[in-house]
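> Listed below, chain by chain, are the residues.
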Amino acid sequence: MRRNVLLRLFLAAAVLCILLPAAVLVLWSAAARWSWPSLLPERWSARTVRELLFGSQDLWRLLGSSMSLGSGAAGLSTLIGLLTARAVSLYDFPGKGLVRFAGLLPLLIPGTVFATGIHLVLLRLGLADTAAGVLLVHVMTALPYSISILTDVTAALGGALEEQAAVLGAGPVRAFFAISLPELMPGVLSSLSMAFILSYSQYFTTLIVGGGRVKTLALVMVPYIQGGDRSLASVYALAFTGSALLVSALFEALIRHWQKRGDRL
Amino acid sequence: MRKKRTACLLLLPLFAVTALSLLACGSVLAQSLGVIPAFGLEEPTLDYYRNALTSPAFHSALLVSLRVALLSALAAASLGTVLCAALVRVCRARGAMVSLIRLPILVPHTVTALFAILLLSQTGLVSRCAWALGLIDDPGQFPQLLFTPGYGGTILAYLWKEVPFVAYFTLALMAGVSATLGEAAENLGASPLRSFLTVTLPLSLPAVSQAFLIIFLFAFGGYELPLLLGATVPKALPVYAHLAYMHPDLRQRPAAMALYGVILLLSAAMAALYGLLTHRLLRKIGGGR
Chain A
1 MRRNVLLRLF LAAAVLCILL PAAVLVLWSA AARWSWPSLL PERWSARTVR
51 ELLFGSQDLW RLLGSSMSLG SGAAGLSTLI GLLTARAVSL YDFPGKGLVR
101 FAGLLPLLIP GTVFATGIHL VLLRLGLADT AAGVLLVHVM TALPYSISIL
151 TDVTAALGGA LEEQAAVLGA GPVRAFFAIS LPELMPGVLS SLSMAFILSY
201 SQYFTTLIVG GGRVKTLALV MVPYIQGGDR SLASVYALAF TGSALLVSAL
251 FEALIRHWQK RGDRL
Chain B
1001 MRKKRTACLL LLPLFAVTAL SLLACGSVLA QSLGVIPAFG LEEPTLDYYR
1051 NALTSPAFHS ALLVSLRVAL LSALAAASLG TVLCAALVRV CRARGAMVSL
1101 IRLPILVPHT VTALFAILLL SQTGLVSRCA WALGLIDDPG QFPQLLFTPG
1151 YGGTILAYLW KEVPFVAYFT LALMAGVSAT LGEAAENLGA SPLRSFLTVT
1201 LPLSLPAVSQ AFLIIFLFAF GGYELPLLLG ATVPKALPVY AHLAYMHPDL
1251 RQRPAAMALY GVILLLSAAM AALYGLLTHR LLRKIGGGR
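Chains A and B, in that order, give the protein sequences.
Be aware that the first sequence starts at 1, since it is given in my numbering, and climbs by one per residue.
Be aware that the second sequence starts at 1001, since it is given in my numbering, and climbs by one per residue.
Simulated from the structure, these hints should not be mistaken for lab results.
What you are looking at is a predicted structure, and each value in this text was computed from that prediction instead of being measured.
Among the hints, erroneous ones may be present.
Derived CB-CB ranges, DEER-like [as the list claims (entries may be wrong)]:
| # | chain 1 | residue 1 | chain 2 | residue 2 | range |
| --- | --- | --- | --- | --- | --- |
| 1 | A | 131 | B | 1191 | 53 to 61 Å |
| 2 | A | 12 | B | 1134 | 22 to 30 Å |
| 3 | A | 229 | B | 1134 | 25 to 33 Å |
Every residue gets a Cβ at the ideal spot worked out from N, C-alpha and C, and that includes glycine.
Work out the full structure, taking the sequences as your base and the hints as a guide.
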């Protein structure tokens, strides 16, 4: 029992460490004056919120470009992940180990090297400094996670149900959409959510491959963090983290909805 | 036969993406050997590597990156394992606590850097708490963690993200082992601590060690945290390399690429070494498959 007390204390410390920064972020973004050593801001102001909404950066355009890049990357990464997962779990072919390794490869290449190298490749393909190039790199960054999530669920489901559907006369496409896809939905949603968050958070890849032409919230936020205005940095970080968590929570709710639906059937 | 062809078709996009990744690494390595036909450089040479490897600035950058990666990964793997054990033992690996643990994994490194600035700087919240507790009378007395050659703030910021990552990464395996073999050991009379140390922990090591490799390589090649929280001198290796890459004189390009080449080759070497070591170690403990 005593050990559980220690573990509980450890958990409590972990919760504090996770939540405290978030609370401080909210306080700083609304603080007009918060000098050392006050534990709470001395004066409040909505200056940062005005700056965020109507200031030098066009927030809605930034949100729009970040969200569309994220959605595009999530969709493509999940699609390629599904195709790869099917090939790896439902088909027999030589060199499967190599295919699995290829799926993980982008995780093993250091991010700075990957971004710089892929920029050189995209320069030759004419895709450097374009939104399409940035989208491609975001997909590549998210793909290992999509493949890993979707291979797990596809292997767990197996191909037997689709074979039954085929025996009963369904074509392969119909068998997949009517039988397998609904069962795979929780995995598909996790993959979409993960890939979205990864794309939404990209800084270095967008900076290098977008060449400053493709602007996202994650990219524009960094100079504020480097600058001295803690309140302004906090309000951008809050807008970024808040919007990302909102999307993540939406996916969580969808996943729970699908799991409940599965339980009812 | 048909089946093989279908599998090949399904794998086409992965092949294309893998080819792009390999081309990316190949381009960096080619330029690091001084082969940039567009600049009229066509003879491959190891000179750029020789120059990089003998420069004192490179040595200190390499040391910074190795130190940050090793310390943060070791501490995160240990604390993450304890956190995972706490989640398994206290929360049965479910519920709100597990969702909360995912939060730092979702927060990007740039925002984590801002958290470090707001909390750990000499006028940050931790320093204010130290004043409230009567430990210091002046912000100057609070230890400098940020923008210093010790990279303490960078390591702590990595920990904030990586401890939950290790716990989350290990959770499924440890929960499974604990619910089966761990309980069996306790039913046979082992104390919870003994059952954890002799049964659950060794069998969870494959996940812990994989998580260790992932976070070590990530911190070694990471750019954002040392850029935003590190010292001006010495710089971390990726920050140093990117600065060299941004040099306006394009003839400096191969020298910058040699730095990226070193990061790439060292990461690959460490991954390979890790593969060999853990393979043996895990087989010895009996936790490997």
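> Against this structure, judge whether each hint is valid.
Each hint tested on the structure:
Residue 131/A and residue 1191/B have their C-beta atoms about 59 Å apart, which keeps the hinted 53 to 61 Å range intact. For the pair residue 12/A and residue 1134/B, the supplied restraint of 22 to 30 Å holds, since their beta-carbon distance comes to about 24 Å. For residue 229/A and residue 1134/B, the hinted distance range of 25 to 33 Å is satisfied, since their beta carbons lie about 31 Å from each other.
In summary, the structure agrees with every hint in the numbered list given earlier.
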